[in-house]
Amino acid sequence: MTSLTRDPLLWILLVVLLAAVVAVMRARRTNMALRRTRKDLEAGLGQARGDVGQLHSHVAALTAQHRRDLADVRADAEAATKAVLKSAMGTLQSLAEEQQVLLDNLLKKYGDTTDVLADLMSVDHTGSQFGRRAKGISVLCGGWLGRREGAATVYDVARSAQGRIKDFDRVGVHSQVNVSLVGKAVEPVAVVLAELLDNATTYSAPGTPVEVNIQTVPTGVCFIVDDAGLGMDQETKDRATALLTVDGPVDITGLGDPPRFGFAVCGMLAARYGFAVSVGSVSPYGGVRAVIRVPESLLAADAPSPAAGAQDSPGPQAAPQRLAPVPVVGPSHVVGTTTGGLPKRRRRSGPVTMVPALDSTNQDATSEPAGEVTASRLGAFARGTHLGRTTNTTEGSDDQ
Amino acid sequence: MTKPVEEASVTSDFVRSYVITGGRTLPDSDDLALHTLVTLAPERTPPLGAGPEVTAIWHLCAGGYLSVAEVAGHLELPVGVARLLLTDLFEQGHLLRRAEPPRAQNVDRATLEKVLNGLQSLIG
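Those sequence lines, one after another, are chains A and B.
Start counting the first sequence at 2; every next residue gets the next number (our numbering).
Start counting the second sequence at -14; every next residue gets the next number (our numbering).
The reader is advised that the hints may include incorrect statements.
Unchecked claim - Counterexamples of contact, computed for chain B against chain A with all Cβ distances above 10 Å:
{"hint": "1", "residue": "E28"}
{"hint": "2", "residue": "R29"}
{"hint": "3", "residue": "P31"}
{"hint": "4", "residue": "D73"}
{"hint": "5", "residue": "D93"}
{"hint": "6", "residue": "A95"}
What the hints assert, rightly or not - With the C-beta cut set under 10 Å, the calculated list includes, among others, these residues of chain B facing chain A:
{"hint": "7", "residue": "V0"}
{"hint": "8", "residue": "V4"}
{"hint": "9", "residue": "R9"}
{"hint": "10", "residue": "P63"}
{"hint": "11", "residue": "R68"}
FYI, nobody ran anything at the bench for these hints, they're computed from the structure.
This one's a predicted model, so the numbers in the text were calculated from it and none came from an experiment.
Beta carbons: idealized from backbone N, C-alpha and C, even for Gly.
Make the full structure from the sequences, and use the hints.
What follows is the structure, encoded as structure tokens:
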């Protein structure tokens, strides 16, 4: 026994055993503490994740709010800009209109002075272009175009549009159609056609022709604009299509710098007045073909009124006072020739009744005042002397 | 949207005169004076694709001599523009023209009074 107790190996074993027990116990304690800590941490993590989720939704809400506010502010700014532009352009529109009326009078006043007339025409040309720009911007800002009283022929609408662009002399208008647009459609179609013509002349080489053909189709009438440019790339086509089919207000700040109003104006007017504009097909010359299709509802039912100033109406007021042919009264009194070759005339027996009346309305001389009778007699006298003058040869031949 | 009431009436001439002339140089007044008389040459047919103005001149001049000033007045166009259209038609051989008749010489008052007295004794 003593030998056993004295055996150092036993003691060593004992110490090792004790140490192991202590180590196990400590490890177990540490383990438990770590587990607790882990549980705590996991709970903390869950809470933090919840917080993060909350924060995310909060941020999203704030962002949405911010977007809404920004859109509101933009819309307000857009509306304010449009209101200001609309009012400013309205003033310019009426000034341009006034200027054109003024120029109409000046053109007639100085009509016989070739140099002045040519200068006035160039002023008129720049004025018309300026008026078109003002009208375009005004339309985009919700303004209205002027309205014409009475219908106008499609040919005149096309020529009116032609007059509003810079290179109007490159444009050829061909129309075999005798159709008129109703008054309210005249200005919109003219403005849209002017924009298309402006595009066509701007994006094709100088000197190349731009053709406007007007054709009737079963659903109305078409204005076809063909240029000989390079055509449009797909991006431009898409942009044009988007602007031409827009139904609602156009964002004028999104039209670029410098702003490209053309297609936006066309789209707005087409939607507002109910006609269709399309671009993107290829013209026979390799350029762009743009088409305005005006439905039957915007065509005038009857023949155009002569208000355009170019139509000759057969009415009594329009019948011109022609100088010739003058009723021949003289030769009836020549009864022969003398031996010398001079005409022999018979003396008039009833001179008063021989004075020819001006026309059938003057036959009833009894109801006319004496002044008119005298006037008609003097008229007959004047015609007699005129006849005398026209029968001599001092005025030259008929065809100079 | 605003109401259509805001649509003001357009009153200016619709087709501008520089479009009618096609931007060409206007002829000088020495060529066709205001009182030069023009008429349609016999047996002519209107040029193909004639514009409304040319058609109007055609109708105006078909019946007899008319002065340049009158043509411009009826067309409601400046005289220079009417003159250009008339010059075109003349160069195409559609129009005839002749100068104004020479002015009558001034007669002294006594002669006129004698003529007037004579007329009055005849028809008065």
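How the hints compare with the structure:
no.	hint	result
1	E28	holds (14 Å)
2	R29	holds (13 Å)
3	P31	holds (12 Å)
4	D73	holds (15 Å)
5	D93	holds (17 Å)
6	A95	holds (19 Å)
7	V0	holds (5 Å)
8	V4	holds (4 Å)
9	R9	holds (8 Å)
10	P63	holds (3 Å)
11	R68	holds (8 Å)
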